[in-house]
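Trainee: In case you want the letters, here they are:
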Amino acid sequence: MATSFADDRPDVELMRSARFRKEREGEWARLSELVTHVEKKGLSGLTFDESLELTGLYRQSVNSLSLAREISLDQALLHYLESLTTRAYFAVYAPRTTLVGLVSKFFKTGAPQAIRRSWLHILVAAILLFGGAFAAYLLTISDPTWYYAFVPNGLSGGRGPEASEAFLREALYGENSNSVERLAAFSTQLFTHNTQVSIMSFTLGIMACLPSAFLTFYNGTILGTFFAIHDSKGLAFDLFGWLSIHGVTELSALIIAAAGGFRLGAAVLFPGQRTRGAALRHAGRDATKLALVAGLMLLAAGLLEGFGRQLVTDLWSRIIIGWSIGGMWLTWFVLCGRERKANS
Amino acid sequence: MWPFRNKDKAATNRAAIKRARKLSDGLEKRLQIIPPEGVPLNIRLAPLGQRLGAQVVDTLVTFIGAMLFVLLFSISFWSSWNLIAIVAALTFFLVRIPYYIVSELVWNGRTLAKRWLGLRVVSVDGRSLSAHQIVVRNIMKEIEFFLPLTYALAGPQQHWSFSVIAWVWLLVLLIVPWRNKHNKRIGDIIANTAVIMDPKPVLLTDLASTIAMKPGTHADERFVFSSAQLDEYGRFELQVLEKVLRSSEKSTSGTWAKQQQYLKEIVERIVQKIDYEETIDAKDHRLFLEAFYTAQREHLERRKLLGDAREDKYFRDEKGEES
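Quick mapping for you: the protein sequence lines, in order, are chains A and B. Position 160 (the first sequence) corresponds to 160 in the numbering used here; numbering is contiguous. Position 34 (the second sequence) corresponds to 34 in the numbering used here; numbering is contiguous.
Treat the hints as calculated values from the structure; they're not laboratory data. All residues carry an ideal CB built from backbone N, CA and C; glycine is no exception. Check before you lean on any hint, since a few could be wrong.
[Said to hold, decoys possible] Taking beta-carbon pairs under 10 Å as the criterion, some of the chain B residues facing chain A (in silico):
1. E142
2. D206
3. L300
[What the hints assert, rightly or not] Straight-line distance between alpha carbons at most 30 Å, and here's what the computed DSS-like set of lysine-lysine pairs gives:
4. K22(A) x K200(B)
5. K40(A) x K313(B)
6. K22(A) x K243(B)
[What the hints assert, rightly or not] Now the stretches of chain B that chain A is said to cover, found in silico as 3 or more residues with beta-carbon under 8 Å:
7. 36 to 43
8. 95 to 108
9. 124 to 130
10. 188 to 198
11. 237 to 245
12. 293 to 299
Full structure from sequences and hints, please.
Mentor: This is the structure we're talking about:
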């Protein structure tokens, strides 16, 4: 076959590398055809025989490439083989997870297991948040001017120490439309504020945990101050109800995001036997899942805030809805994805 | 007066050739991936301009997509501005990270813009791209790029220090992939991925076969080279000659005269270097070069097979240096 096309000079002897190419050209063309097909339609567009053929031809082209590098100096051929093999490599070693498989794995095992592995970090973040809240509560109760030190402008919606009980009550149970509008604006503001705090405390965790710890504590102080302001007017329990409906979810999200940051920071501080980079990559696997869970919870909190809080104005139904949703999160984290132990 | 001058000149000459060789071999940054089969693949990395372009196109695609959705929603379920605002916020939130993750997962490392521009995300470790890598590099994109961008453009209602920090952050972000050996941004470094140009396999004809098959010329019988004459050049010069022959093949009439002049110069150089006895007629220039290419390639390939790979015409000096 190597000489059959040489009609003009049937006696011609091709050099080794040219013969090498003539013998294999057909296979390469077939592989190229299959790879193009996969790139357009995906691996599932191949029949069983075709996919077997693809892997076989891919291995042969890898062989051809390594052989051609030894025996041929034809640059065009080397470039071609390298490109073809690379393309075939991408087709053969494509990601094996489907979208549905990935999502269900995340919900069934990945996320809850990551949460359970990070229980210590979550505990620390929770202590910081509520510690901050408690400290700020004590300070503001004794001296209301502390309020101005803790709460940034614009986040309060006019609910400072000078606000009357009637104003606060109306903001919590908002019957007239004007304050409902105000409350909606405030809740979106709070939502974006908390999202930003979560993203920051997750990202900045990489700097040895300190910025995350500070942010979490600081966010706790805002919470504590609000409680103090309402408590001095005898509205603490009403605020608790108002916050419950979305706050249970939202504050948990904040804690989990901070815990993700702590995982990263802990990897930087205590890499153990690994190098810092390797430790960070390892911790990153769980931290990413924590960040995703936090994002999901913030989204849920945003929905609860946008729809639930304005629709449900009864104190007890607010508390029941908020805490039962919190219970559902907890059930997911604690019970899902446990490996069944063999009965002994 | 300055006895080493000639030697120095030869050395700088050699360095220049080496630079030229490196340039023609790897003009672009390349990434080496070793697949499980163990044969390294050198893949062209995506230039930063292309990546920025892809990012812009993807941003436009997601933005327009989200706008259309919100528009359709508000037309079909109109109730109040408040609801539309909430829906819009949710849509823009959902369309950002998930779009990149889903498209890169489904299309094996390619978003829509990457498909159009021929870019692809690959795992540097030579295994298939994992879902974790895709998620990490795209979440990091949000933190690396979009978050500081919102602060940088947020305007005067925030403290000025936020803007300064955001701009510095963005500057660092641009420097990292530019200085990185594989054009990786921070997300790529953490996820251990890189963005490459999808290679396009184009099989050109085999020069040696076409020359041998050319009807009626019999170049290899017309010009015969001795083994000593073929010992002058190495792989680099051979492949430069290959490029010249390929490009002069498809030259148009406008550049024909220029090409002939070019070929003539090359022929003169070679004839002088290898002490070829004959003078070559102008009409035979191409024929001579083709014959020389074939003979030289066969010779070099044989030497290489015997363990004597010759990189360029300084291969003798290099052997001396090594020993």
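Trainee: Decide, hint by hint, whether the structure agrees.
Mentor: Quick rundown of the hints versus the structure:
Contact between E142(B) and chain A, as hinted, is supported at the beta carbon level, the nearest pair being about 8 Å apart and thus within 10 Å. A least Cβ separation of about 5 Å between D206(B) and chain A falls short of the 10 Å threshold, and the interface hint therefore holds. The restraint placing L300(B) at the interface with chain A holds, with a minimum CB-CB distance near 6 Å, inside the 10 Å limit. For the proposed pair K22(A) and K200(B), the alpha carbon gap of about 21 Å is at most 30 Å, so the pair holds.
Taken as a hint, the K40(A) and K313(B) pair is broken in the structure, with Cα atoms around 45 Å apart against an allowance of 30 Å. In summary, the hint linking K22(A) to K243(B) is supported, as the alpha carbons are separated by about 21 Å, within the 30 Å threshold. Only residues whose C-beta sits within less than 8 Å of a C-beta in chain A count toward coverage, and the segment 36 to 43 of chain B has 6 of them, enough to reach three; the restraint holds. Counting residues of the segment 95 to 108 of chain B whose CB lies closer than 8 Å to any CB of chain A gives 4, so the stated coverage by that chain holds, three being the minimum.
Proximity of the segment 124 to 130 of chain B to chain A, defined as three or more residues with a beta carbon under 8 Å from a beta carbon of that chain, is established by the 4 residues found. With 3 residues carrying a beta carbon less than 8 Å from a beta carbon of chain A, the segment 188 to 198 of chain B meets the three-residue requirement, and the given coverage holds. Here's how the segment 237 to 245 of chain B fares: 4 of its residues keep a CB closer than 8 Å to some CB of chain A, so the rule of at least three is met and the hint holds. Counting residues of the segment 293 to 299 of chain B whose CB lies closer than 8 Å to any CB of chain A gives 3, so the stated coverage by that chain holds, three being the minimum.
Violated hint for the displayed structure: number 5, the only one.
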